[in-house]
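Here is how the chains run, residue by residue.
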Amino acid sequence: MSAEKSRISAEWLSSLEKLDQAQIISQNTSAIIQEIEKPTPNTAALKALIATEPLLSAKLLLICNSPFFGFPRTIENIEETIVLLGYKKLKSLIFTSVVMGTAGNEKLAGYVKHSLTTALICRELYGKMGLPEDNGYLTGLLHLLPVLINYEPGLEKFLTVNLLHDASAILFSKMNFPERISNAIVELYQQSRHCKETSALKLAFNMAIVLQGKKEAVFKKLNNLDVELQVLNLKPSELADITFGIRDERNDLIKLIR
Amino acid sequence: MKIDISKAEGMTTREAVVSASGATLLPAGIALTGAVIRALTKQNIQQVEVNEANAPDNSANLDEQRKFIETLFEPHASKLMRELKECLLKKVV
Chain E
1 MSAEKSRISA EWLSSLEKLD QAQIISQNTS AIIQEIEKPT PNTAALKALI
51 ATEPLLSAKL LLICNSPFFG FPRTIENIEE TIVLLGYKKL KSLIFTSVVM
101 GTAGNEKLAG YVKHSLTTAL ICRELYGKMG LPEDNGYLTG LLHLLPVLIN
151 YEPGLEKFLT VNLLHDASAI LFSKMNFPER ISNAIVELYQ QSRHCKETSA
201 LKLAFNMAIV LQGKKEAVFK KLNNLDVELQ VLNLKPSELA DITFGIRDER
251 NDLIKLIR
Chain S
1 MKIDISKAEG MTTREAVVSA SGATLLPAGI ALTGAVIRAL TKQNIQQVEV
51 NEANAPDNSA NLDEQRKFIE TLFEPHASKL MRELKECLLK KVV
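Top to bottom, those sequences are chains E and S.
With the first letter of the first sequence counted as 1, position 58 gets the number 58 in full-length UniProt numbering; the numbers rise by one all the way through.
With the first letter of the second sequence counted as 1, position 3 gets the number 3 in full-length UniProt numbering; the numbers rise by one all the way through.
Honestly, the hints are just simulated from the structure, not real lab data.
We treat Cβ as the ideally placed atom computed from N, Cα and C, and that holds for glycine.
Incorrect hints may have been included.
DSS-like mimics (lysine-lysine), calculated; alpha carbons at most 25 Å apart, straight line [claimed, not checked]: (1) Lys91/S with Lys67/S; (2) Lys128/E with Lys91/S; (3) Lys67/S with Lys235/E; (4) Lys89/E with Lys42/S; (5) Lys214/E with Lys85/S; (6) Lys221/E with Lys85/S; (7) Lys255/E with Lys2/S; (8) Lys7/S with Lys42/S; (9) Lys42/S with Lys255/E; (10) Lys47/E with Lys89/E; (11) Lys79/S with Lys235/E; (12) Lys59/E with Lys107/E; (13) Lys79/S with Lys221/E; (14) Lys215/E with Lys67/S; (15) Lys220/E with Lys79/S; (16) Lys215/E with Lys85/S; (17) Lys67/S with Lys214/E; (18) Lys220/E with Lys107/E; (19) Lys88/E with Lys59/E; (20) Lys128/E with Lys79/S; (21) Lys220/E with Lys85/S; (22) Lys220/E with Lys157/E; (23) Lys91/S with Lys214/E; (24) Lys221/E with Lys90/S; (25) Lys91/S with Lys215/E; (26) Lys85/S with Lys196/E; (27) Lys67/S with Lys221/E; (28) Lys255/E with Lys7/S; (29) Lys255/E with Lys59/E; (30) Lys91/S with Lys221/E; (31) Lys107/E with Lys157/E; (32) Lys90/S with Lys214/E; (33) Lys91/S with Lys235/E.
Covered by chain E, according to a simulated footprint, are these stretches of chain S (three or more residues, beta-carbon under 8 Å) [unchecked claim]: (34) 26–37; (35) 61–70; (36) 79–86.
Quick list of the computed label-pair ranges, beta carbon to beta carbon [stated by the list, open to error]: (37) Asn233/E with Gly29/S: 37 to 45 Å; (38) Arg82/S with Lys214/E: 15 to 23 Å; (39) Ala31/E with Glu74/S: 47 to 55 Å.
Bound conformation, chain S alone (with noise of 0.2 Å):
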């Protein structure tokens, strides 16, 4: 699927983007972050190839990090672990 770069953050590119030129400036596979979008704005890469299936974080997934992180603290009440469990439970998005 082909979309606007500027749609593109946390998708992961299904085929490599290459400048008008021919270089290839990102490999297929790669993430695509907040810094790598910038950088390829920069060299005037407009649209990019990315994996649908990639698309970041579906809700099963989600669901089994929370849950991980549910396990993980269950051992810890005192309040600060309490509260570092909550924000990195609102981080899971």
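Chain E with its partners taken away, still in its complex shape (with noise of 0.2 Å):
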């Protein structure tokens, strides 16, 4: 890596060890994921917590209300919201959200896209290896978390797996996460681990790659995915048929961001 590279690497290491987690997710936002965490989550709490917040409690509803959850009747308020997901898809969905947030800047919608494809994956793999479903979706989907609450222009000329590794690493150590999603996430990066979760995650990041298509690609290499398809036990069919089974809901839930 050129002297350059190296500093400008740095210097982007050094902004992101400087946010605070109230800047990569509100002090509100935090409290919502707080009151889901609690073994028995307050339903009224929870709703007065996303009504403080309009942009939030719009999304939601519009995310609720599309063919992504295809409920047959549409959905009116936050409570119904509430009941109907659940408390797990409704972390998901926050972060979802979250995430589809940042997608405003144009040049990080190819970012947006790809971790909602490799969510997408990430969570038909976990479930068939009998993982939560929902923490592979959240791993998936927040996998680029560096990326997309940092961006800075012209940072993918100087994105290596490298800065990536150390990037999760700074990031997660800040939030208060399961520790199974931000292991697998900074693990993804670390080219040597081979648990159950990371080559799940290694395994969507590159189906994510196929499905983008050439001119949504934002990476357009691939790993040789050998040792993951042997870790999870997975016939090459069984993953094509994963990563095309998503295809429609991925292009639907996509359209939101839009």
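Starting from two chains that each stand alone, build the complex the way the hints lay out.
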């Protein structure tokens, strides 16, 4: 890496380190997540917290009423959203809304689409392994969070696997996040790790590149996936089925960010 | 173009789909997946306005997607990766 690239990378990591939790996810959104994480979340308290964020409320209703969830009737208020979705799905939806919120920057739209695609594939892979699907979805959704929340023009030119590893480690150490999710994300960029969660995320990451297509792909190279397929005991045909199985759902979901 | 909902899978809505009572069930520009069609059928929707031009996957796009997959897999010669490439190519239809 050239001295110039090293300097820019170090500066980017340093600016990431300086971010506080509130710049990553608003204090109110953080309070919503904390309420959801309680052993017995309080629906009324959640409704009150969500109601104080008009943009989040609107986005939740928009997503909830999209074909992505396929409810046969219109969902008209937040309380209904909470009851119909359940707490785990609500958490996924809030983070989906946070990630989609970054797509206002046109240059980030490709990264957001890649994240959403990875999330859907990862959810399916987790389900196939008997792991919690919602964790798989969140792992895929947030694997590019350092880029989404701290994007700088020209970042693509110096974005390397090592830089993404360091950035993820810095970011997730700041966030009170389930360890298995943050570990899988950090280890995605650590080539030697082969646990099930990391393998699922790596497969999903690579298959998202395939589904994005040449025009939209923000990453243009595939990793060799022999080890990951073996770790999950997954046949190539099964991975192809999963990849193309989520295509319609993906297309419905990314329409919401336009 | 208005078509029978049973033939609309893979297309996108040109106009909002509205129920008999006037409620918007689906906005314009949404892909009609199997799940969406099932949900609309339950609401007694029999026909939908779709975009012909948005019918999925024209042949040029399919060729481009196949080429992209071939390019992505070019550096990978292992048996599993070759098999994965073939499986993915079969899905591009």
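For each hint, the structure was consulted:
1. Distance hint between Lys91/S and Lys67/S is fulfilled; the C-alpha atoms sit about 13 Å from each other, no more than 25 Å.
2. The suggested pairing of Lys128/E with Lys91/S holds, with an alpha-carbon distance near 20 Å, which does not exceed 25 Å.
3. Distance check on the hinted pair: Lys67/S and Lys235/E sit about 23 Å apart at the alpha-carbon level, within 25 Å; holds.
4. Taking the CA atoms of Lys89/E and Lys42/S, the gap is about 24 Å. The hint holds against a cut of 25 Å.
5. Between Lys214/E and Lys85/S the CA atoms are separated by roughly 16 Å; this keeps the pair inside 25 Å, and the hint holds.
6. A threshold of 25 Å between alpha carbons decides the hint, and for Lys221/E with Lys85/S the separation of about 14 Å falls inside it, so the pair holds.
7. As the CA atoms of Lys255/E and Lys2/S are separated by approximately 22 Å, the hinted pair is consistent with the 25 Å bound.
8. Our distance criterion of 25 Å between C-alpha atoms is met by Lys7/S and Lys42/S, whose separation comes to about 16 Å.
9. Restraint check for Lys42/S and Lys255/E: satisfied, since their Cα atoms lie roughly 24 Å apart, inside the 25 Å limit.
10. Between Lys47/E and Lys89/E, the direct Cα distance comes to roughly 15 Å. Compliance with the 25 Å bound is thereby established for this hinted pair.
11. Taking the CA atoms of Lys79/S and Lys235/E, the gap is about 12 Å. The hint holds against a cut of 25 Å.
12. A hinted pair counts as satisfied when its Cα atoms are at most 25 Å apart, and Lys59/E with Lys107/E qualifies at roughly 21 Å.
13. With a C-alpha separation of about 18 Å, the suggested pairing of Lys79/S with Lys221/E holds against the 25 Å cut-off.
14. Proposed proximity of Lys215/E and Lys67/S is supported: the alpha carbons are some 12 Å apart, at most 25 Å.
15. A distance of roughly 22 Å separates the Cα atoms of Lys220/E and Lys79/S; the hinted pair therefore holds under the 25 Å criterion.
16. Restraint check: the Cα-Cα separation between Lys215/E and Lys85/S comes to about 19 Å, which is no more than 25 Å; the hinted pair holds.
17. A distance of roughly 9 Å separates the Cα atoms of Lys67/S and Lys214/E; the hinted pair therefore holds under the 25 Å criterion.
18. For the given pair, Lys220/E sits about 16 Å from Lys107/E by alpha-carbon distance, which is consistent with the 25 Å threshold.
19. A threshold of 25 Å between alpha carbons decides the hint, and for Lys88/E with Lys59/E the separation of about 17 Å falls inside it, so the pair holds.
20. For the hint linking Lys128/E to Lys79/S, the alpha-carbon distance of about 23 Å falls within 25 Å, and the restraint holds.
21. For the suggested pair Lys220/E and Lys85/S, the alpha carbons sit about 15 Å apart, so the restraint of at most 25 Å is met.
22. Of the supplied pair hints, the one linking Lys220/E and Lys157/E holds, its CA atoms being roughly 13 Å apart against a limit of 25 Å.
23. Taken as a hint, the Lys91/S and Lys214/E pair is honoured in the structure, with Cα atoms around 17 Å apart against an allowance of 25 Å.
24. At most 25 Å may separate the alpha-carbon atoms for a hinted pair to count; Lys221/E and Lys90/S meet this at roughly 20 Å.
25. Straight-line distance between C-alpha atoms of Lys91/S and Lys215/E comes to about 19 Å, which keeps the hinted pair within the 25 Å bound.
26. The hinted pair formed by Lys85/S and Lys196/E meets the criterion: a straight-line CA distance of about 22 Å does not exceed 25 Å.
27. Taking the CA atoms of Lys67/S and Lys221/E, the gap is near 14 Å; set against the 25 Å cutoff, the hint holds.
28. Straight-line distance between C-alpha atoms of Lys255/E and Lys7/S comes to about 22 Å, which keeps the hinted pair within the 25 Å bound.
29. Between Lys255/E and Lys59/E, the direct Cα distance comes to roughly 13 Å. Compliance with the 25 Å bound is thereby established for this hinted pair.
30. Pair hint Lys91/S plus Lys221/E holds up; C-alpha atoms about 20 Å apart against a cutoff of 25 Å.
31. Among the hinted pairs, Lys107/E with Lys157/E is consistent with the structure: their alpha-carbon atoms are about 13 Å apart, no more than 25 Å.
32. Note on Lys90/S and Lys214/E: the hinted pairing holds, with a Cα-Cα distance of about 18 Å set against a maximum of 25 Å.
33. The suggested pairing of Lys91/S with Lys235/E holds, with an alpha-carbon distance near 15 Å, which does not exceed 25 Å.
34. A count of 8 residues in the segment 26–37 of chain S with a Cβ less than 8 Å from any Cβ of chain E is obtained; the coverage claim is therefore met, three being the minimum.
35. Three residues within the 8 Å Cβ limit are the bar, and the segment 61–70 of chain S against chain E gives 5, so the coverage statement holds.
36. Using a Cβ-Cβ cut-off of 8 Å, 5 residues of the segment 79–86 of chain S lie near chain E, which meets the minimum of three, so the contact claim holds.
37. As the Cβ distance of Asn233/E to Gly29/S is approximately 40 Å, the hint placing it in 37 to 45 Å holds.
38. At roughly 21 Å, the beta-carbon separation of Arg82/S and Lys214/E lies within the given 15 to 23 Å, and the hint holds.
39. Evaluation of the 47 to 55 Å hint for Ala31/E and Glu74/S yields a pass: the beta carbon distance comes to about 49 Å.
Comparing the model with each earlier hint shows no violations; every hint is respected.
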